[in-house]
Every structure is written in structure tokens, then in C-alpha cells.
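J.: Take the two lone chains, each set in its own frame, and fit them into one complex as the hints suggest.
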Amino acid sequence: MLLAWTWMRASYQYPLSAAMMTVASFVVNALDIAAIWVIFAHVERLGGFSLPEVMLLYGTAGLSFGLADLLFGNVDRLSGHIRSGSFDTVLIRPVSPFVQVAVDRFSVQRFGRVLQAAVVLALAVPQLDLTASRAWMVPVMIVCGFAIFVSVFTLGAALQFLLTDAPEVANAFTYGGNQLTQYPLSIYGGELVRGVTFVLPLAFVNWQPALFVLDRDDPLGLPHWLRFASPLAALLLGLVAAAAWRAGIRRYRSTGS
Amino acid sequence: MIEVERAGRSFTHRRKAGVLRRERHVVHAVRDLTFSVAPGEFVGYLGPNGAGKSTTIKMLTGILTPTTGRVRVAGLDPSRRRTALARRIGVVFGQRTTLWWDLPLRDSFELVRHLYNVDQGDFRRRLAELEELLDLGSFLHIPVRQLSLGQRMRGDLAAALLHAPSVLVLDEPTIGLDVVSKAALRAFLRELNAERGTTVLLTTHDLGDVERLCSRVMVIDHGRLSFDGTLGDLRATAPEESSIEDVVARLYTGGG
Ligand SMILES: Nc1ncnc2c1ncn2[C@@H]1O[C@H](COP(=O)(O)OP(=O)(O)O)[C@@H](O)[C@H]1O
Ligand SMILES: [Mg+2]
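Same order as they appear, the protein sequences are chains A and B. The UniProt record's numbering numbers the first residue of the first sequence as 1 and each following residue consecutively. The UniProt record's numbering numbers the first residue of the second sequence as 1 and each following residue consecutively.
Okay, chain B solo, but in the shape it has when bound (with noise of 0.2 angstroms):
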């Protein structure tokens, strides 16, 4: 479903070093990145800030082209063939809304349905469905900007979903969530997995949602890529007491 061979980005920054001269001066975000996805697998994609993970991601959805390798979503290059592989992925950003500040959620959905040419009757069954999974109803009438956080949150989940596609991918989707919020989206999440089969990538700083949802993880650390296997894995790379945040740390600086 996702295919990643040796992709690289990198950002060039131009810092003033005096009057007239500029200095050149290179940022590689993510280098010599290989993995792949099936479908049906849930991936939680962790690292410290700054690791690659938001580049990665909007490599993933065309949003950023790669300065050097290939990616494939989907069977498709994202940045080549952006508006077919939009009609097969949904995208969330924890820190961003993709809908519209000054219109009601409801009309949020209706533009997404006309973007995506969602036929009426699916968009209607979909939308019902999400309504009643993401208990959306009490505030479908409101305008995005007054929506509290998790209402947000779940609202973008439902916009990301309307077109069922059949690889989501998230980036920090439970950043700032209370308790109740991030329990509804992660059984949310999971069920969306179990029961539709939708490959979900998500990247995140708790370990809960790796902990509860995810079957496989990756870490990626200064743009590359230090640990791909199952939490059973993750958690044998270090002594048997640690806490699963130990064990993260522990990779996160370069393996102790």
C-alpha cells in the first residue's frame, strides 16, 4: 500500500553572513528513508521533534516532493499523481484543520463532497455512519472556529473519510486531546482498521496510541529510520523492566 525507497528531503536555507554575502546552508529533514506498508496494517510512526515525521507524512500525500528516492502510495508517485491518489487517501493534521474556519461543520462536508464528487447517497450513508461513530451530531451546525479541540478533531477525522479511502494516514492526531477525546478516536481508529481493513500511518508522542492501536512501529531519529518491527520487538531492544517510554528514550538517543 505504501512503498518508501531510499527517499530523501532536504531544505535549503539562505542565512544573511554579513552585508552581502549569504550562506547557504542545508536542512536533510528525512535521508535514505526505505520501508513499506501492507494493506490492513496499522503503523505508528514515533520520534522526537524535528525527527522527519511531518515530512515524511506530507511526502506520503504529495503535499512535498522528495529531493531524492521514490514513494509510492497506493500504486501511484504522490507528488506526480496528486488528485488520484487524493480520491484514495485521507489525511489528518493534529495541528491544522482542512476545513473551513467561518462555515458549520455540515457545510464543511457538503464542500468536501462536492470536492471529492462523493455521490448523494454515499456521502448520506457515510456521513450517518461517522455521525453516529464519532458522536458528531450535537455539533454538526456549528462553525469550525468555535468547535472545542476534540470536536475539531473528530470533525476533520469524518472529512477525511468521506470519500472512504483506503489508506489514512495522521499526523499527531491526539495532540492536545483530553482522556475521553483521545479513548473515543483511538476505538474509533481501531475499529475503522478492523473492520474496513483502511491502513492507517499515524505518528504521535503518546505512547498510549502505539501502545493500544498499533502493530507495528517505526521510529525515525534525525531523518532516518532506527527501528522498524512489532511493539513485542520494541520492547525487546531493551532491559525487560523499562517502560515502554524508557524504551522509546532510549532509541531516541541513539540507543544508550
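Chain A with its partners taken away, still in its complex shape (with noise of 0.2 angstroms):
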């Protein structure tokens, strides 16, 4: 932490230019929202939600995918440390090599993302009238979905352990499945969404819990208690994430010189 800090005050000269970064990440991503708004010009409904639905679901997802990606987005830039030679001085450290890729030249703009996606979220949750006996879930889903999503990353960076040449590949995991959980899952093919929910459980950040939240059947016909298990497969995607990465480590083979 204190490490990230120091490189935010080192890197950071310029406050002016973080700050219009910031700015700039809001509005690009405030761009997503409005794709969801035009949409809701022409529909009543999507996959069956209406519009504060839909913005529970894009700000819920965007919270922890932002949060994620703020603080570790960065080990998603594994392969180019891996192949500038850089990975080696990180291993030298006493400190958690996860951590300190996560905060090599850690930026502050990601923030911008958080912030919108929290916008959204202030905007839906009161025309939505939640009970208290179902609001309790919305904080948890946003730390469920966030460890999910770092998770996710996780992986994609111990993939990078194999791939050095093709971080994309990764890439489209993490990025894609934040594209992904914006929107009902009940708009995508029943293949794809027993895939994110057993496989890689995308559907566990926020699609299941919110079906509880919104209190609405499963389109799918999937077990009621599956909306209660988002801690269950955060904590197994960890486990399963924090292993590749340790498997990563060992096949690591520097560069040759």
C-alpha cells in the first residue's frame, strides 16, 4: 500500500493531467451507460428487466470490476515484465510478486470507472424500492463479484506464465466478462450462461444474487439456492486462481542471457 503510495506521488507529477484522466475515464465509461439508455429509448424491457433493473445489474458489476481493476488491473501487464526481464528483480523482493505488479505504476484514473458505475448504481437503487430483508445482498455482491474479478485476473496473469506472446488472450476473459455481467444474462444463449456460471462463474457476480434481490425466477430454471452461493464460488475461484498463479510461478523461466 504504502509502496503504491509512493509511486503515485513518484509518477505523479502532474495532478492536473490524473485529475483530466479521471474526467476521462468517467466519460468514456459514462458512454457505456448511454448505449443502455438508447436502448431503453426503443424497449420497454430487456431480456426481461426494465431500465433501473438493468442499471442495478451495469452498476453492481461495474463496482466490482472497477474496484478490481484499480487495484489489481496492473497484473494484467505480467507478459511485459516477463519479457523485458523485469519479472526477475520482482522476484528478488520481499514482497508478494502479485502485489508488486498490481502496483507498478498503479494509476489513479482507473477511479473514474468506480465512480461512474457507483453513479449508476446511487440512481437505481431508489426507484427499485428494495426491502431491507433483500437490500443486505447488494453489498455483498459487490464483494463477492470484486474477489470474483480479481480472481479472474489472477488467472488471466498466470495464463501470461504460458502465453508470454498473447496477453490479449487473457484480456478477453477479464475485460470481456465485465461486457459481459452489464446486462441481464438472460439475453445471451443458455450455453453461455451455464458456462459463466459453472465454469468460469461470471454469473455469481452479479446475475444470481440480483435474481434474489429483485426477487424474479430464474429464466433459466437454474436451483433456487445458486443465488446464494456467490461467497461459495468466489472463495473456490480464488483458491483455484491463487494455485495457477503459484504453478505459474514455478514454470517461470526468466529470460535467457
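For the record, the hints were derived by calculation from the structure and aren't laboratory data. Keep in mind that the hints are not guaranteed to be accurate.
Stated by the list, open to error - Ranges of calculated distance between the beta carbons of each label pair, as one might list FRET restraints:
1) G256(A) x A187(B): 48 to 54 angstroms
2) R83(A) x S226(B): 43 to 49 angstroms
3) D102(B) x L162(A): 25 to 31 angstroms
4) F40(A) x V19(B): 47 to 53 angstroms
What the hints assert, rightly or not - Chain B stretches covered by chain A per the calculated footprint, using a threshold of three residues with CB under 8 angstroms from any CB of chain A:
5) 76-88
6) 126-133
As the list claims (entries may be wrong) - If you only want the chain A side, here are some residues facing chain B, beta carbon under 7 angstroms, derived:
7) D88
8) R253
9) T255
The structure displayed is predicted, hence computed values, not measured ones. Backbone N, C-alpha and C fix where the C-beta goes; we use that ideal spot for every residue, glycine too.
T.: Shown next, in the form of C-alpha cells:
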């Protein structure tokens, strides 16, 4: 943490430009939600969900992803570190390599996305008049979603130990996962939804717990208990990701020289 | 301080051999390496290009996990206890800096201090000492990217010693340095070893380094140790009038 702070202080000699980048990232992400509003100008419901409901899905996914990306998104630069040889240096320091890669060139501008998602969520919640007996799930799903996205980032990074030349493959899962979870999963095909439920458990970021929050039936008729399974999914994926990361480091071959 | 027991490391390359066929091809960078280094020793590690010197160093520092055998440094298995080991070992790569390109040397040191959690008082004292011994004062404020090779090397060395490690390993620290920088570096390393008792292992192609610094020499060739002994022993392997270069050249070509 101290290291991240030092990075920000050392590399952000231009606070104005940092602020502008944050605003820019806020605006770019705002275009995302604008697209959703455009859709709702033409249809009443999207995949069976109303605008505030979709905004709830969007906001929770965005917040989870945004926080994960802000704090740990830099691990997707691992292959760059491997190719340049700077990962050797990371490994000889007494701080977890994962943390070091995450805070290297730590940039606050990603905060724009978090802010934007928080705003969308804040707009959505009052329109849904949720009861406390269901609303408690919202913070839980944000935390679990965060853990799931951090795990996905970690898995992507672990993959880069094998595919040093193809970091895009890993990015497809992280950023693609974010795009996917912004909309109700009911608009996608059943195969894909089963995939993101039982294989790469992105459905537990927001979809399953949101079904509980909104008190809706699962369009695919999956078991009811799944909507409480987000912590379990986050834990399992986290364990898998940690193991993959360790295996990656053991297989690390450095660069010849 | 360092124990290596039958350690080996191989790399698998996959080569295209035809349209879909791929050939696996294994390079044994280090095989069946056994040696140990006692505390306070100053060891030179020689060998021709591609012999496995850097691979050995990377196994000692926890960067590479050995494929076979056992490695212990300061009582720890480097690849399993990487962070614990990092506090006891200093590492310098001649070919590559461990500092941050864009930051002035002083800020790099400050980051190193945070990474190693070095107490502020100790940090000041050690930095002042290193600043004097390595003559860093004139370029502490310059970004690493703009330093000359000799300056960068001294900066790297200081950064590797700020946490007062008991072992120092250096991979070709004198590569590309001019005579003056080399002499300064050697004087510093000799003093570090003599005064502090820091164990030093260095790889080099410069036999001057070995003659002036090392009480012990190890030669590796094709991943195997082909000589381990004192400088005197090394000379004794060849006819008397041979220069040290000739002696080593004989070893590299498989004992003549
Ligand atoms: N990351 C790597 N991937 C594949 N082969 C490597 C790698 N690192 C080293 N090698 C091979 O291992 C052998 C020993 O290399 P190295 O330890 O760097 O030798 P030295 O430092 O003595 O010049 C060489 O044949 C080299 O090509
Ligand atoms: Mg080498």
C-alpha cells in the first residue's frame, strides 16, 4: 500500500493531468451506460428486465470490476514484465510478486470507472424500492464480484506465464467478463449462461444474487440456492486462481542471458 | 551459507518441425551441480557463454525453480521461501538494472527502503556509508535512465546492500565497465567481504576480477562443474608459465 502511494507520488508529478485522465475515464464509461439508455428508448424491457433493474446489474458489475481493475488490473501487464526481464527483479524482492506487479505504475485514473458505476448504482437503487430483507445482498454481491474479478485477473496473469506473447487472450476474459455482466444474462444463449455459471463463475458476480435482490425467477430454471452461492463461487475461484498463479511462478523460465 | 546438491535446470523448447508437428527439445542449462560456499567466502564463478552461470544464480536467488536437486541459501529453499530469502540476499545483474528507469537514484533507494522495510535510521546510516564508499553523491538526483554504466552499476550495488544482506551474488557486475570503474568496484567488494564478512559469489569473464578478489574459483562448462578450488589450485592444473587466461581456456575446452 505504501508502495502504491510512493508510486503515485513519484510518478504523478502532474496532478492536473491525473485529474483530467480520471474525468476522461469517467466520461468514456458514461458512454457505456448511455448505450443502455438508448436501448431503453426503444424497448420497455431488456431480457425481461426494466431500466432500473438493468442499471442495478450494470452498477454492481461495474463497481466490482472497477475496484478489481483499480487495485489489481495491472497484473495483466505481466507478460510485458516477463519479456523485458523486469520480472526477475520482482522475484528478488521481499514483497509478494502479485502485489508488486499490481502496484507498478499504479494509476488513479481507473477510479473514474468506479465512480461512474457508483453513480449508476445510486440512481438505480431508489427506483427499485428494495426492502432491507433483500437489499443486504447488494453489498455482499459487490464484495463477491470484486473477489471474482480479482481471481479472473489473477487467472489471466497466470495464463501469461504460458502465453507470454498473447496477453490479449487473458484480457478477453477480464474485460469481456465485465462487458458480459453489464447486461441481464437472460439476453444470452443458455449454453453461455451455463458456462459462466458452472465453469468461469461470472454469473455469481451480479446475476444470481440480483435475482434474489429483485425477487425474480431464474429464466433458465436453475436451482434457487445458486443465488446465495456467490461467496462460495468467489472462494473456489480464488483458490483456483492462487494455485494457478503459484504454478505459473514455478514454471517461470526467466529470459536467457 | 550456500548449499547446492545435485541441482539441475532444464528448459524445454518447442520447435516447429513441419506444418503441425512440433518437436520438443530439452536444453540442460545446469545439470547435477553440487557445491557449497561457507560464510565469508569470496567465490568467482567462471564459465564460457551459455555454460549455465546465470541459470545457477537465478536458482540461488529463487527466480528459477530447479527441475532436479536441492538448493539452500542462508538455510532457505530459494524458490519456496522467496520473500524470506530476499531479506538476507543481495542480487546484482550487470546486464540489467533492478532500479526504476524513470526515477532519480535517491527515489529508487527510497522505494527499496519501503520494499525491504528498512528502518529509517539504519537506512540513513547505510546510505551515507555507501554514498561515500561508492562515490554516489554527484548523481543521486539523476534519473537512472541517464546514468552512465559505471554510475548505474554503483547505484545497483548500493540498492542491493541497503538491507545489509549476509550474501551477495553478482552476475557479471564488471561487464562493460572501464578500468577505473572496475577498480573502484573491486576495491569496494573486497572491503565488503573483508570488513563485514559478507559472503560473495560473482560470475565474470574478467580474470582480473578473479585474481584480485576471489579466494576460491569454480568453473562451469556445459552445465557441469569442471573445476572447484583455490586460485593456486587452478594455476597448478596447467604448465607453470601459462597465464591465467590460458589456464582457464584449457578448462573451457575440456581440459586440453
Ligand atoms: N529462459 C531460458 N529459456 C530457454 N533457454 C535458456 C533460458 N535461459 C538460459 N537458457 C539456456 O541455458 C543455457 C545456459 O544459459 P546461461 O545460464 O544464461 O549461461 P551463462 O550465464 O553461463 O552464459 C544456454 O544454452 C541458454 O540458451
Ligand atoms: Mg550469463
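J.: Among the hints numbered above, which are violated by the structure, and what are their numbers in rising order?
T.: Violated: hints 1, 2, 6, 9.
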